[in-house]
Amino acid sequence: MGEGMGESTPVRLRVNGVTTALVCPPERILLDLLREDLNLTGTKRGCDLGTCGCCTVWVDGKPVLSCLTLARLVSGRDITTIEGVTPASGLSDLQRAFVDHGATQCGFCTPGFVMTATALLRDHPHPTKPEIERAIAGNLCRCTGYIKIVEAVAATAEGRP
Amino acid sequence: MAAPDAPAPTYRLIGTRIPYIEGPLKVTGRAEYTDDIKRSGQLIARLLRSPWPHARLRSINVEKARAMPGVAAVLTGEKYPTPFGVLPITHDETAIAVGKVRYIGDILAAVAASDEATADRALEAIEVDIEPLPDYPEPQGGTIAVAEPIHARGLNGTNIQKEVVQHFGDVDAAFAKAHATVRVRGTFAGVTHAFTEPMATIAEATPDGRLTVWSATQVPHYLHRALSEVLGIPMHRIRVIKPEVGGGFGGKSDPLPHEIICAALSLETGRPVKILFDREDVFVTNHGRHPTKNDVRIAVDADGRILAYDIEALIDGGAWSSFGTVTTYYNGVLSMGPYRVPNFRYHGRRVYTTKPPSGAMRAHGGTNIRYSVELALDDLAERLGIDPFDLRERNALPPHSTTVNQFRITSTSFVKCLHAARERSGWDQKYRKLPYGKGVGLGCGFYISGSNSPIHFTPKMPQCTVHLKADMDGGIAVHCMQADIGQGSNTLLAAIVAEVVGVDLDRVHIMRVDSDVSPVDIGSYSSRVTFMMGNAARQAAESLRDQLIRAASRLTGYPPAQLEVAHEKIRVRHRPDIAVDYLAALHAAMERTGALLATGAYNSPPMGGDFKGARAGTAPAYSFAAYVAQVDVDVETGVYRVEKVWAAFDCGRVLNRLAVEGQIEGSIHMGLGQMMGEAMSYRGARLMNPSLLDYKIPMPQQMPEVECLLVGDDDPEGPFGGKEAGEGPLIATLPAVGNALHDAVGVRYHDLPVTPDKVLRGIEVREQSGRAWKGVG
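Going down the list, the protein sequences come from chains C and H.
Residue 77 in this note's numbering sits at position 71 of the first sequence, with consecutive numbering throughout.
Residue 936 in this note's numbering sits at position 621 of the second sequence, with consecutive numbering throughout.
Calculated from the structure, these hints are not laboratory results.
On a predicted model such as this, the values are computed, not experimentally measured, just so you know.
Note that CB positions come from ideal geometry on N, CA and C, so glycine has one too.
Worth double-checking, as some hints may not be accurate.
Restricting the straight-line Cα-Cα distance to at most 27 Å, the calculated cross-link-like pairs of lysine-lysine (BS3-like) are [unchecked claim]:
1) K1011/H to K135/C
2) K784/H to K884/H
3) K135/C to K784/H
Residues from chain H shown here face chain C by an in silico Cβ test under 8 Å; the list is partial [as the list claims (entries may be wrong)]:
4) D350
5) F592
6) R594
7) D596
Start from the sequences and build out the full structure, keeping to the hints where you can.
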């Protein structure tokens, strides 16, 4: 946000597998590009300061805070959003576990958690509870007390319902 | 009410673990929140906020801003000066400051522009000329007449917004004959909701003379009223829509100035206008838990039976009244239950200060006073040599009783809570028996299950109405203005309808809150939704079920009294092989009338005394809690960890076990935050930590294991016997930890939050006084 002064910059991204070319101000952040320019509103804006994790997306598969990422600095990279990790029909195992374990209440933080935890399970299929807690520590949730979120991630890792 | 020894009925859905019906939308990012909505041609609004805590406005020059390209409108206070506020008796806010500003963050002007950057530049071009006024960042100074009261309505030239004096029985006589007395003085920093979704509103005035407002609100109906009052547009020409809301906890329950400003800007420009808060906006809008000082004296007899409470509270209100009149009463009347208190005196004052307004936050009015009371009771128990559990059990309010201030108590399973927490926590093997640095503590509480008083209605109208429509597709559309803000009320509403009508959950569609079609429910506050909406929904569903049963009666030839619903069918009770499918019954019922309609409503029964303020705290039911916390304190650093909480809670019958657990776990998280570290930190009147980096909520690693012990008996008036579980579960958390700290290190900490430096300081003071960590004192 707070943009409009500098020269516009071409940005070319692969977003959820689709190559997208845009021209945007140099200070355009990735979060705004996704939400405003591409209408990918599953990624949420909670603080604009990198403190809440609601805007977590992947850049080349790695979770980053899109509110702290300048769009032009990730030009040429692969961006994955919540829309990109959601199967064409139904839910991923982790998403299903979030629903079934009550790991989502108001839901505003949930896409960020799903992005963080999906990456965790991809890289560490069998995390310990402290590893799960450490991985999600950059995502704030005010509803659940994290208990059911940790449960949902652990259940997914263990392949149980 | 069922006979006590009759087996409680069981249900197909109610009481099971019901995942949230909108869960699949939330986990995929498909749930639509206000900021996800984009209206064609929408403008972006930004607010100019006061950098002064208290100042008279001499002039505001907006001409330069107005002339900037891309700026569609600039609004200042005089255009819509009608005061408003959540309580009809304390309308002391205006949408934009008129005449003066009252805190750092108060709104001076608003701009609507083509984009945010343009709006921000326009804000910078606004020139404000002010005369500084004395600021009053602390309530103490405002209790006497001041040079420049923050509001003209302050009591007798002071900054006192509300003063409550109550006396029931004879407190002085009770103290005179007491075997033991205790006095606790507590200090509580303000805390805030810290929901993840910042406030957002979109307003769209259209050429047909109507205004549509989408807003992240937990009380759409009060917003509807405030918009109408301030903008001067009849309610029927305003349409309020509540998209998904990313948490509220009380912080989205007042009608807020930005919601009115957004609508006003749309009226000014004829275009849709969106306003989205940044996190600093959220912090200065606040309406969180009040910074409070309280002074609690309790007298008991030799057996530890409570003879009297004598309580004072000084409550820092910030710049507006908000719910403050209620807060002032609650700090007194919510101190008593779950105990019988035969004599009670209370003096509460809520004082305006030049700080961001405080308001309603989860377990509003019941949290701070409860902490002091529970620590005082533990102190008395220790001095009398009575186990803390025994002392509380001796004082438990009996079911179906009346309190000294004429609260009607119906169901209470408080004693069962005590027994469950004591047994499951291994209390008798742990209390006063763990090594230095480790401890267990008991904290108890109770909370209203819905305020008995709808704050707006005269004459009295239902607090909740539910409409159902069943059409030939077999789906049941449910309309109700209840506000799901993540607590699961949509799911409960759907489950109740499905349970009563006997259909699968996926037949029930909870329609988005839309004032054009949703019958009024007064929203998500005072922990009222389960009880009130639940009863209204049950009544509506029974009406629909009865229409189906009458149709099935025609089809089967059996009288309606012999028919009952089963899963997706209606059958003869004594001949279950004779049945009519749900769809067949529905279609038969529709033959003459088309789609079936049904309605249900809830109105709480008359209750309470006839003295001034008698209705504050009256509720159709109350929840009860007894929590044990176990802590581990590093006595070298003062850092402590809450290892486990045994949360025994009486919410009556558990209606959705998954949701109740979620409410308890989330409440414990929020309670631990206030206990261990959260604080709105001020330097004078300036908030120093308006970000989630500096205002830290507990991390996953700080969460204890939580064992939910749901032991409530059915409530006689609650839906299926249920009561609230949204706010009451927070209250007991704090004193359970506070009393556990005493068990661990022998110090009672009365100043919240209890940060590690305070833990160490307390230990030092105790050691300097020569007191051992265990033993009376």
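Evaluated hints:
With a CA separation close to 22 Å, the supplied pair K1011/H and K135/C stays within the 27 Å bound. Under the criterion of a C-alpha separation no larger than 27 Å, the hint pairing K784/H with K884/H is consistent with the structure, at around 18 Å. For a cut-off of 27 Å, the pair hint linking K135/C to K784/H is broken: about 46 Å separates their Cα positions. Annotation: interface hint on D350/H holds; nearest CB of chain C at approximately 7 Å, less than 8 Å.
Taken as an interface hint, F592/H does not check out: its beta carbon lies about 10 Å from the nearest beta carbon of chain C, beyond 8 Å. Residue-level restraint check for R594/H holds (minimum Cβ-Cβ distance to chain C is 4 Å; threshold 8 Å). A hinted interface residue such as D596/H counts as satisfied when its beta carbon comes closer than 8 Å to some beta carbon of chain C; here the least separation is about 11 Å, so the hint is violated.
The earlier numbered hints that this structure contradicts are 3, 5, 7.
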